[in-house]
Amino acid sequence: VLTLGDISQQLGLSLRGGAAELPISGLATLRGAKPGELSFFSNRHYLKQLGDTRASAVIVAEEFAGEFSGAVLISPTPYLSYAKASSLFDDRPVPVAGIHPTAWVDPTARLADDVKIGPHCAVGPECSLDSGVSLGAGTVLGAGSRIGRGSRLDARVTLCDGVEVGFACHIQSGAVLGSDGFGYAPEESGWVKIHQLGTVKLGDRVHIGANTCIDRGALGDTVIGNGVIIDNLVQIAHNVHIGENTAIAACCAIAGSTTIGSGCTIAGAVGIIGHLQIVDNVHVTAMSLITHSITVPGSYSSGTQMGETHEWRKNAVRFSQLDKIYKRLRELERAERR
Amino acid sequence: VLTLGDISQQLGLSLRGGAAELPISGLATLRGAKPGELSFFSNRHYLKQLGDTRASAVIVAEEFAGEFSGAVLISPTPYLSYAKASSLFDDRPVPVAGIHPTAWVDPTARLADDVKIGPHCAVGPECSLDSGVSLGAGTVLGAGSRIGRGSRLDARVTLCDGVEVGFACHIQSGAVLGSDGFGYAPEESGWVKIHQLGTVKLGDRVHIGANTCIDRGALGDTVIGNGVIIDNLVQIAHNVHIGENTAIAACCAIAGSTTIGSGCTIAGAVGIIGHLQIVDNVHVTAMSLITHSITVPGSYSSGTQMGETHEWRKNAVRFSQLDKIYKRLRELERAERR
Amino acid sequence: VLTLGDISQQLGLSLRGGAAELPISGLATLRGAKPGELSFFSNRHYLKQLGDTRASAVIVAEEFAGEFSGAVLISPTPYLSYAKASSLFDDRPVPVAGIHPTAWVDPTARLADDVKIGPHCAVGPECSLDSGVSLGAGTVLGAGSRIGRGSRLDARVTLCDGVEVGFACHIQSGAVLGSDGFGYAPEESGWVKIHQLGTVKLGDRVHIGANTCIDRGALGDTVIGNGVIIDNLVQIAHNVHIGENTAIAACCAIAGSTTIGSGCTIAGAVGIIGHLQIVDNVHVTAMSLITHSITVPGSYSSGTQMGETHEWRKNAVRFSQLDKIYKRLRELERAERR
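Residue numbers (the numbering used here), protein chains in the order written: chain A, 107 to 444; chain W, 107 to 444; chain L, 107 to 444.
Careful: at least some of the hints might be erroneous.
Pairs of lysine-lysine residues, derived as PhoX-like cross-links and limited to a Cα-Cα distance of at most 20 Å, are as follows [to be verified]:
1. L:Lys420 - W:Lys433
2. W:Lys430 - W:Lys420
3. W:Lys222 - A:Lys420
4. W:Lys433 - A:Lys433
5. A:Lys433 - L:Lys299
6. A:Lys433 - W:Lys430
Don't read these hints as lab results, they were simulated from the structure.
Construct the complete structure from the given sequences, taking the supplied hints into account.
Written out as structure tokens, the structure is:
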């Protein structure tokens, strides 16, 4: 069992108002915490909850430490300290070392001694798995795919042929990396497939959510930079490049050959059309459609505000008349000036 | 072969104008039905089709029974009766009892005698499967996951560690329950992962569509109420709570820590941002973005109406000038009043 | 190694200004090409790149052939010729003939002699696989599913019971065909499932992207025409019909019983509501919502333009007042006329 002293030491935070020997049974929100648990205060919106919490200890900034009567761990960045504390309380089972007897590994694959390969995995020819790599049950690696040190693929992930994954990456269940991009040329009789000759290259410390798809490049590669985090059910099309530490929330769709800078945050269900250039430090609000390149850092949006359907519909009808409405306004202005 | 009398009896509907011995070969729409088939009439928009159908029998409300010349099954709720009838005509193969020889089951898992486990399933340590549970081919259960009586998981489902499923649930192929929520704290050098310490808890009679993702809670759990139905490719983020019998159509994205009441219907491709409270009996129209908590039951929307692109673009340009247009209007009003 | 002469011959294009013996090591964009590589010029926007490219040969239309100093392959349709050339340079490993020892095939399945079945596949009872069919690792075929000559399913695909696939189709990893449609009837106590009695029928030369879902029909089938191409993470609901050679980009959601004509192009993240009729040769721009049937070929859109969030918000607020703004305008017009 962890004590408050252990946590203080491991997070490098000073402890005040409580015994180092106090056992801490878990981590919880201010409102959900029970005695014996540790919580954190990172948003002054919840100041009242800080006073009311039943937690035995709270991670808190110096300036708010007086608002809580129990033990405090003083942190200049309580949310970050909470993130680090969360790893101390993660008791989920870790993958078992070794190759499960039901897995199939091509004899030409090169595996570090300590890889962990789950039930019913299929590791193709010429794959390369570095030290500490783990594959969840049912994961499939195409020929020649390469995975760096300590990267973890959960259950039922697909890496298609030749996909490259850096070190300390995490790819969640159902994700598909290296599927064929959506490239076709029209011919009289229908669509002719453009074979996708590139691959997908993930940097280091990249996180990919469940059922997300990243297509291989048509010519050249699809490239995901170091430290990029991508949520569930995201589509990344062929030849997209994403800069370091950019975050992409669930259900976004990034079309082909678009380049996104580093340090961007793309909220959920955003669409970005193809062949755009987006600079560093751009933020896009939820469900916006980005149709032009962005050259200036900042926040961008599209769409309308929500409303009660009956009211909204009246406004939506007017939207369809907006150009005509504008022209009537202009006419009035001319009349006024006469 | 089912007869009209069988159907009448099993659905508890009175039969009129036809022989109980009449064999019924199948169920069809009014327009698609062939002689020998049963249809239903539930939308007066199709009244003409009721007169014209070649069906041998129709499920119909008393007031419309005279509009069809053949046999009728009288129902106060014909659409509901059709739903119940559909189960009588479902001849798809049912999973075979027993554990397939290619499946892998951890010796510490607790399985009822009559579970059905398909080829290449992987059942982790300490899992618990109640009576009548069936797992389709390639389904993976993480350590400690629990599935209630009679629940059915189709092929290639993933339950991550510790996920709990009630009784009589149905989870379709490719769904992932219990993936890590998208929680990270920013640090100078990039994102620090927040370990997701909660799990996913499904109530009873919950239906989950293909390739849908439900993330585990960060602190506390993600909770899906009894009788909730969720379509394909839906994203449910960490710590979302969904009330009883709420229906969520395909491709919706519900962001973290949002609570949705019971009896809501969320149409397809809707986005709901995080940390909102939505009361019972709220309805959201397709592809709307919900950005604020909803305290009053009713129907809500966002977006614009569709149009021919050339016309739409002219209006969309005016949208981008709308605040300026408004101010010009106000100026004119002032001039008028002078 | 391919020579320029080989390529000229296989694509049926005349070679000018270069030696037929010249070995060609790969295909690249004008800007990315290195000496020894072949490129193509299909968009006059990149005319400067044609002059500057380091490629040893370029596929180009007659009228632009003079703009490049090296070898040219003259094509009336350079983009189409590039598509055809791409197949010559695709050196990804092809599936190995035979049934992998870890696959499970029901003894009642009918397999052509030359099918290729990967590791941990599960082929259900009464399935039928024609000559040249290949299944990637972990693919699951439900009872009675049928796959035509030369069709390729990648890793971890699911065909549910009775799904039919034509010849020369390609289905990518994680796709689910034949999942239950989202059909329920409301009852006092909750939702009653409508059993989905139809199936999914794919024509010939259909391409389906990764993690895409196509639901089986409720009554009658979901039908995808010959030559249709569908990208990743697309939702096709029950009883949708899609006409020949229609293209649907990633993350679209097509609701139930909608019919889409042939030769349509639906851009990414588009929603189309249920029970609509859309004629041939309709084009929909990205992230539009189609709420009405379309009877006239052309291009259709919805939504607003993007903007910097601060400016956009001011306009979005005015959108919510649009009907009132319109009425104030009308009032002014009346005053003006007086």
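Pair hint Lys430 of chain W and Lys420 of chain W, alpha-carbon separation not exceeding 20 Å: The hint holds at about 16 Å.
20 Å limit on alpha-carbon distance, applied to hinted pair Lys433 of chain A and Lys299 of chain L: Not satisfied, since the Cα-Cα distance of roughly 52 Å exceeds 20 Å.
Given hint Lys430 of chain W paired with Lys433 of chain A - CA-CA distance at most 20 Å: Status holds; Cα separation ~14 Å.
Pairwise hint evaluation, Lys420 of chain A against Lys222 of chain W, where the allowed Cα distance is 20 Å at most: The hint is violated at about 54 Å.
Given pair status - Lys433 of chain A, Lys433 of chain W, alpha carbons within 20 Å: 15 Å, holds
Restraint status (C-alpha distance of Lys420 of chain L to Lys433 of chain W at most 20 Å): 11 Å, holds
Going down the numbered hints, you'll see the structure goes against 3 and 5, while the others check out.
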